[in-house]
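These protein sequences, in sequence, are chains A and B. Quick note: the first sequence, position 191, residue 190 per numbering that gives the first Met the number 0, numbers continuous. Quick note: the second sequence, position 128, residue 127 per numbering that gives the first Met the number 0, numbers continuous.
Keep in mind that the hints were calculated from the coordinates and are not lab data. Possibly wrong hints are sitting among the right ones.
[What the hints assert, rightly or not] Derived DSBU-like pairs (lysine-lysine); straight-line CA-CA distance at most 35 Å: (1) B:K37 - A:K40; (2) A:K48 - B:K38; (3) B:K8 - A:K65; (4) B:K50 - A:K40; (5) B:K32 - A:K65; (6) A:K422 - B:K37; (7) A:K65 - B:K67; (8) B:K50 - A:K65; (9) B:K32 - A:K48.
[To be verified] Covered, in the sense of this in silico footprint (three residues per stretch, anywhere, with C-beta under 8 Å from a C-beta of chain B), are these stretches of chain A: (10) 10 to 18; (11) 23 to 31; (12) 439 to 450.
Ideal Cβ positions, reconstructed from N, Cα and C, are used throughout, including at glycine.
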Amino acid sequence: MAISYIFPEFEVVRNFDRCITCRVCERQCSNGVHSYDEDGKVMLADESKCVDCQRCVALCPTRALKIVKNDCTFREDANWSGATIKEIYKQAESGGVLLSSMGNPQPLPVYWDRILINASQVTNPSIDPLREPMETKVFLGKKADDIRRGPDGELICDLPPQLELSMPVMFSAMSFGSISYNAHESLARAATELGILYNTGEGGLHEDFYRFGKNTIVQVASGRFGVHEAYLNAGAAIEIKMGQGAKPGIGGHLPGKKIVGEVSRTRMIPEGTDAISPAPHHDIYSIEDLRQLVYSLKEATQHKKPVIVKVAAVHNIAAIASGIARSGADIIAIDGFRGGTGAAPTRIRDNVGIPIELALAAVDQRLRDEGIRNNVSLVAGGSIRSASDVVKAVALGADTCYIGTAALMALGCHLCRSCHTGKCNWGIATQRLELVRRLNPDIGTRRLVNLLTAWKHEIAEMMGGMGINSIEALRGNRLMLRGVNMTEKELEILGISHAGE
Amino acid sequence: MKRVYANEKWCLGCHLCEYYCAYANSGKSDMVKALRGKKIYPRIRVEGDDKITYAVSCRHCSDPLCVKSCITGALHIEDGVVCIDRDRCVGCLTCILVCPYGAVVRGEGGVVQKCELCLKNAVGSPACVLGCPNQALVFEER
Numbered sequence: 000m001a002i003s004y005i006f007p008e009f010e011v012v013r014n015f016d017r018c019i020t021c022r023v024c025e026r027q028c029s030n031g032v033h034s035y036d037e038d039g040k041v042m043l044a045d046e047s048k049c050v051d052c053q054r055c056v057a058l059c060p061t062r063a064l065k066i067v068k069n070d071c072t073f074r075e076d077a078n079w080s081g082a083t084i085k086e087i088y089k090q091a092e093s094g095g096v097l098l099s100s101m102g103n104p105q106p107l108p109v110y111w112d113r114i115l116i117n118a119s120q121v122t123n124p125s126i127d128p129l130r131e132p133m134e135t136k137v138f139l140g141k142k143a144d145d146i147r148r149g150p151d152g153e154l155i156c157d158l159p160p161q162l163e164l165s166m167p168v169m170f171s172a173m174s175f176g177s178i179s180y181n182a183h184e185s186l187a188r189a190a191t192e193l194g195i196l197y198n199t200g201e202g203g204l205h206e207d208f209y210r211f212g213k214n215t216i217v218q219v220a221s222g223r224f225g226v227h228e229a230y231l232n233a234g235a236a237i238e239i240k241m242g243q244g245a246k247p248g249i250g251g252h253l254p255g256k257k258i259v260g261e262v263s264r265t266r267m268i269p270e271g272t273d274a275i276s277p278a279p280h281h282d283i284y285s286i287e288d289l290r291q292l293v294y295s296l297k298e299a300t301q302h303k304k305p306v307i308v309k310v311a312a313v314h315n316i317a318a319i320a321s322g323i324a325r326s327g328a329d330i331i332a333i334d335g336f337r338g339g340t341g342a343a344p345t346r347i348r349d350n351v352g353i354p355i356e357l358a359l360a361a362v363d364q365r366l367r368d369e370g371i372r373n374n375v376s377l378v379a380g381g382s383i384r385s386a387s388d389v390v391k392a393v394a395l396g397a398d399t400c401y402i403g404t405a406a407l408m409a410l411g412c413h414l415c416r417s418c419h420t421g422k423c424n425w426g427i428a429t430q431r432l433e434l435v436r437r438l439n440p441d442i443g444t445r446r447l448v449n450l451l452t453a454w455k456h457e458i459a460e461m462m463g464g465m466g467i468n469s470i471e472a473l474r475g476n477r478l479m480l481r482g483v484n485m486t487e488k489e490l491e492i493l494g495i496s497h498a499g500e
Numbered sequence: 000m001k002r003v004y005a006n007e008k009w010c011l012g013c014h015l016c017e018y019y020c021a022y023a024n025s026g027k028s029d030m031v032k033a034l035r036g037k038k039i040y041p042r043i044r045v046e047g048d049d050k051i052t053y054a055v056s057c058r059h060c061s062d063p064l065c066v067k068s069c070i071t072g073a074l075h076i077e078d079g080v081v082c083i084d085r086d087r088c089v090g091c092l093t094c095i096l097v098c099p100y101g102a103v104v105r106g107e108g109g110v111v112q113k114c115e116l117c118l119k120n121a122v123g124s125p126a127c128v129l130g131c132p133n134q135a136l137v138f139e140e141r
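Extracted from the complex, chain B is given alone in its bound form (with noise of 0.2 Å):
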C-alpha cells in the first residue's frame, strides 16, 4: 500500500506541510479563507530540533494499535487506510496513548483526528506531499 515517507535528509523544516494539511482538511476552497487568523490542527507534525527535522504522520500500520484501542469503533480500517468515524469519538483519547508515533492528535471540537492520507477530502492524494518544496515527503509504495 502506497504511504507517506518523510525523509529527514531533505526535510528544510519549513512546516508547510502542516499548513497544506490544514487546508486540505478544512474543506474551503482558498488558502487564505481557510487559514487565516486561525489556529491549525494539521494531522501531520514536523518534529525535531536546529539539526535534523522530519515530518510525522499516520504509518497506517497493518497491525494499528488505536484501532484495537478504540472504544466506540470510531477508528478503523478501510483498505489498509486507518480511518476515524468522527461522529462516533466520544474523545477517550485511548488511541492518542497507544500510538507509538504520536500520529492520532486531538482536534478542533476535542474529538480525535489523523491522517487519512487526503483520500476523503478535495485534494485525493495526501497534499502534504503534494505541497513539500523539497520532496522531503513521498507517498509511495515500499
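Next comes chain A alone, as it looks inside the complex (with noise of 0.2 Å):
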C-alpha cells in the first residue's frame, strides 16, 4: 500500500542539549526507534516504532529523553473518535481482527472509584496496627456448616483441604510462555516469601519450579496443555480455567514463534506449533459435565488439593456460580471485564464481559441466598489496583483477590500494550534470550514483595480505621462501604447505600 493513514501515536522529545550519545537507548530497544548517525554525531528516532514502554528513559543517564503523546490529530467528533478513526484505518491496511493486550481500557466505569471506605468516629473505637494486632490471613476452601461431634463427644475434623494466604492477595494465572522465565521465577519466589500463591496459567510448569509447589496454584485450560499426573500433584491447588475477564467466550492463542526451547518442552508440544487453547473445554457442555472434571482432578490428586474454577464475569454470573458451587468446586475465581492478557481480538477485550465488582457482590448475593455461600471460597480479579481495592473487594464478599497486571508493573511492565509483539523491552512477555535477560529476578521478586508488603499495611490501616482487626470480619461487610455517583440500580446490585445514608 502507498502510503499509510496512521501518524505515529507517540513523539520521541530528546534533549541535545542533556544527551551524551551513550547509545543505551539504542541498545535497549528490540523496537528498532533509536539510531545513532555517526557523520552528524547525534542520536535520531524513528517514532513510528515507538510503542511508549518508557525503557529508553528509565534508563537514559542524563534524563534527556521523554515520550509524548503525538498531539497530531484527525478530525474528531463526538460520535468518530480518533482511536476509531485509527481502527479503520488499520483494518483498511490489514484486513485482519485488530489485537490488543493488557485489560480493557475504555472509559467504562470503575467501580471501586465509586466505593468509599468507613471509619470508626466516637462511639467505635478505631484500631492502631502498630500497637494492636491484626489478623489479614485468610483460608480457602470448602468451611463445614456447622460444628459436628463424634459419639465419644470430640469434635470431627474433615475439614475439605484449605489454603493458607498471608493475606488476600494471590498471583494471578499467567503462563510461561506468555511471560518469561525469569517472571515466573520472580513471581514464585516472591509467592514463597510473602506466603501466598501464584499461578501457572495454561502452561504448564516449568521444571526448575516444582520446588516452589507449595506456593503454586497449577491451572488446568482448554488446551490441557502441561498437564500430567506430576503436575497436577506439584500445586497445592488446582484450577480449571473455564474463562478470562479480558476475552470471555474465547480461546487462547500463543504463537508458534512463541513455542520454542523450554515453552515446547513445559507445554509438551512440538517446538514451532502454534498452542491453541479451544474457546470451550470439549469435555464440558454443563455443570454435571464441570462436576466431572472438578471429581477426576480430586481423584488425581487424592481429594488432597482444593479444586478452583475461574470463570470470566459475564451477564448471568450469579446463576453460574451457583452451579459452580454445587459442582463440588471448593473455590470460584472471577475475572472482571478489565482483567489482563497477552493478546485479545480487541472487539472482545473492549466489549465482551462485565465489571468485576457488579459481578462479585452479585455472586455474593446469591450464594447466601441459596444458603451455600460457604461451600466456596471467592477470588475477585480483573484489575485490582491497590490496596484499597483489596479491601472494597473483600468488603463486597471476596476472599481474596487475584493481581495480574499490578504485579506485571511491579517487575516493569509500563503498561504499553504491545504483549502479543513479543518485543518487550522490560523482559517479561518475551521468549526472546536477549530480551528475558532483562529481569533479574532478585530484583523482580524484591519488588513484588515490596509492593505487596505496602499493601499488607495499608489494608490493615484501612481496617483498623474501621475498627475492624481481620479480613474474617471484614468479609462481605457492605455496611462498611457506601457508593457515590451511582443510580439505585447500582447500589442495589452492589448491595451498599449511598454515601450520606
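Take each chain as given, in its own frame, and dock them per the hints.
Laid out in C-alpha cells, this is it:
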C-alpha cells in the first residue's frame, strides 16, 4: 500500500543539550526506534516504531529523553474518536482482526472509584495496627456448615483441604510462554516469601519451579497444555480455567514463534507449533460435565488439593457461580472485564464481559441467598489496582483477590499494551533470550515483595480505621461501604447504601 | 577484600557502567557537563559478542603482575587496592602488556589509568555497580 494514514502515536523528545550519545536507548530498544548517526554524531529516532514502553526513558543516565503523546489530530467528533478512526484505517490496511494486550482501556465505569470506605469515630474505637494485632491471614476452601461431634464427644475435624494465605492477594494465572522464565521465577519466589500463591496459567510448570509447589496453583485449561499427574500433584491447588475476563468466550492462541525450547518442553508440544486453547472445554457442556472434571482432578490428587474454577464475569454470572458451587469446586475465581491478557481481539476485550465489582456482589449475594456461600471461597480478579481495591473487594464478599497487571507492573511493565508482539523491552512478555535477561529475578522478587508488603500495611491501616481487626470480620461487611455517583440499581446490585445514608 | 564482580547472566550490554565510570572519575558534578560531546576513557569495559556480554575491570590481584612490572613504582597497592600514581607514570605501558585481563588501559593524556574502586573520587564506592540497571555488577567479598 502506498501510504499509511496512521500517524505515529507517540513522539520521542530528546533534549540534545543533555544527550551524551551513550547509545543506551539504541541498545535497549527492541523496536529499533533509536539509532546513532555517525556523520552528525547525534542520536536519531524513528517514532513510528515507538510503543511508549519507557525503557529508554528509564535507562537514560542524563534524563535526556521523554516520550509524549503525539498531538497530531484527526478530525475527531463525539462519534468518531481518534482511536476509532485509527482502527478503521488499520483494518483497511491489514484486513485483519485487531489485536490488543492488557486490560480493557475504555472509559467504562470503575466502580471501585465510586465506593468509599467507612472509619470509626467516637462511638466505636478504631484500632492502631502498629500497636495491636491485625489478622490479614485468610483460608480458602469449602467450610463446614456446622460443628459436628462423634459419639465420644470429640470434634470431627474432616475439613476439606484449605489454602492458607498471609494476606488476601494472590498472583493470577499467567502462563510460562506468555511471560518469561524470569518473570515466572520472580512470581514464584515472591509468592513463597510472602506466604501467598501464584498461578502457572495454562502453560505447564517448568521443572525448575516444582520446588515452589507449596505456593503454586496449577491450571488446567481448555488446551490441557503441560498437564500430567506430577503436574497436578505439584501445586497447592488446581484451577480449571473456564474463562478469562479480558476475553470471555474466546480461547487462547500462543503463536508458534513463542513456542521455543523450554516453553515447548513445558507445554509438551513441538517447537514452532501454535498453542491453541479452544474457546470451550470440549468435555464440558454442563455443570454435570464440570463436576466430572472437578472430581477427576480430585481423584488424581487423592482429594488433597482444593479445586478452583475460574470464570469470566459475564451477564448471568450469579447463576453460573451457583452452578459451580454445586459442582464440587472448592473455590470460584471470577475475572472482571478489565482483566489483563497477553493478546486478545480488541473488540472482545473492549466490549465483552461485565465489571468485577457488580459480578462479585451479585455472586456473593446469590450464594448467600441459596445458603451455599460456605461451599466455596470467592476470588475476585480483573483489575485490582491497590490495597483499597482489595479492601473493597473483601467487603463486597471476596475471600481474596487475584492481581496480574499490578504484579507485572511491579516487575517493570509500563502498560505499553504490546505483549502480542513478543518484543517486551522489560523482559516480561517475551521469549527472546536477550530480552528475558533484562529481568533479574532477584530484583523482580524484591519489587513484588515490596509491593505486597506495602499493600498489607495499607490493608491493616484501613481495617484498623474501621475498627476491624481481621479479614474474616471484613468479608461481606457491606455496611463498611458507601457509594457515590451511582444509580439506585447499581447500589442495589452492589448491596451498598449511598454516601450520606 | 570487596571487589567488583560481573555476572554475565544478567549483563544487558547496555554499556552504562562505562559511562558511570567515566563520569565518576571526571571530577565534575554533572554527568552532562562531564561527558557531553567527549570521548570517554572508562576504566571498565563491556566485552563479548551478540550472545553474551560482561564488564571487565581490574581484579585487584593479590600478587599483581602490573605492580611487579611497573618501572617507576607508579602502580602500587594500598590496602589491597591496586592504585596508580599518575604523576609518576611515564606511559611505558608495560603494565598493559602484562595484565592478563586487559584491565589496565591508556587514559586521556597518554599515562595509564585503571579502576581504583572509586575510592579516590567523590562517589566513594564503585559507580559502575551503583549504576548497573540489572545487578550484573556487584561489589562484594568472595
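Do the hints match the structure? See the list:
no.: 1; hint: B:K37 - A:K40; in the structure: 11 Å, holds
no.: 2; hint: A:K48 - B:K38; in the structure: 30 Å, holds
no.: 3; hint: B:K8 - A:K65; in the structure: 29 Å, holds
no.: 4; hint: B:K50 - A:K40; in the structure: 27 Å, holds
no.: 5; hint: B:K32 - A:K65; in the structure: 20 Å, holds
no.: 6; hint: A:K422 - B:K37; in the structure: 33 Å, holds
no.: 7; hint: A:K65 - B:K67; in the structure: 50 Å, violated
no.: 8; hint: B:K50 - A:K65; in the structure: 30 Å, holds
no.: 9; hint: B:K32 - A:K48; in the structure: 31 Å, holds
no.: 10; hint: 10 to 18; in the structure: holds (count 3)
no.: 11; hint: 23 to 31; in the structure: holds (count 3)
no.: 12; hint: 439 to 450; in the structure: holds (count 3)
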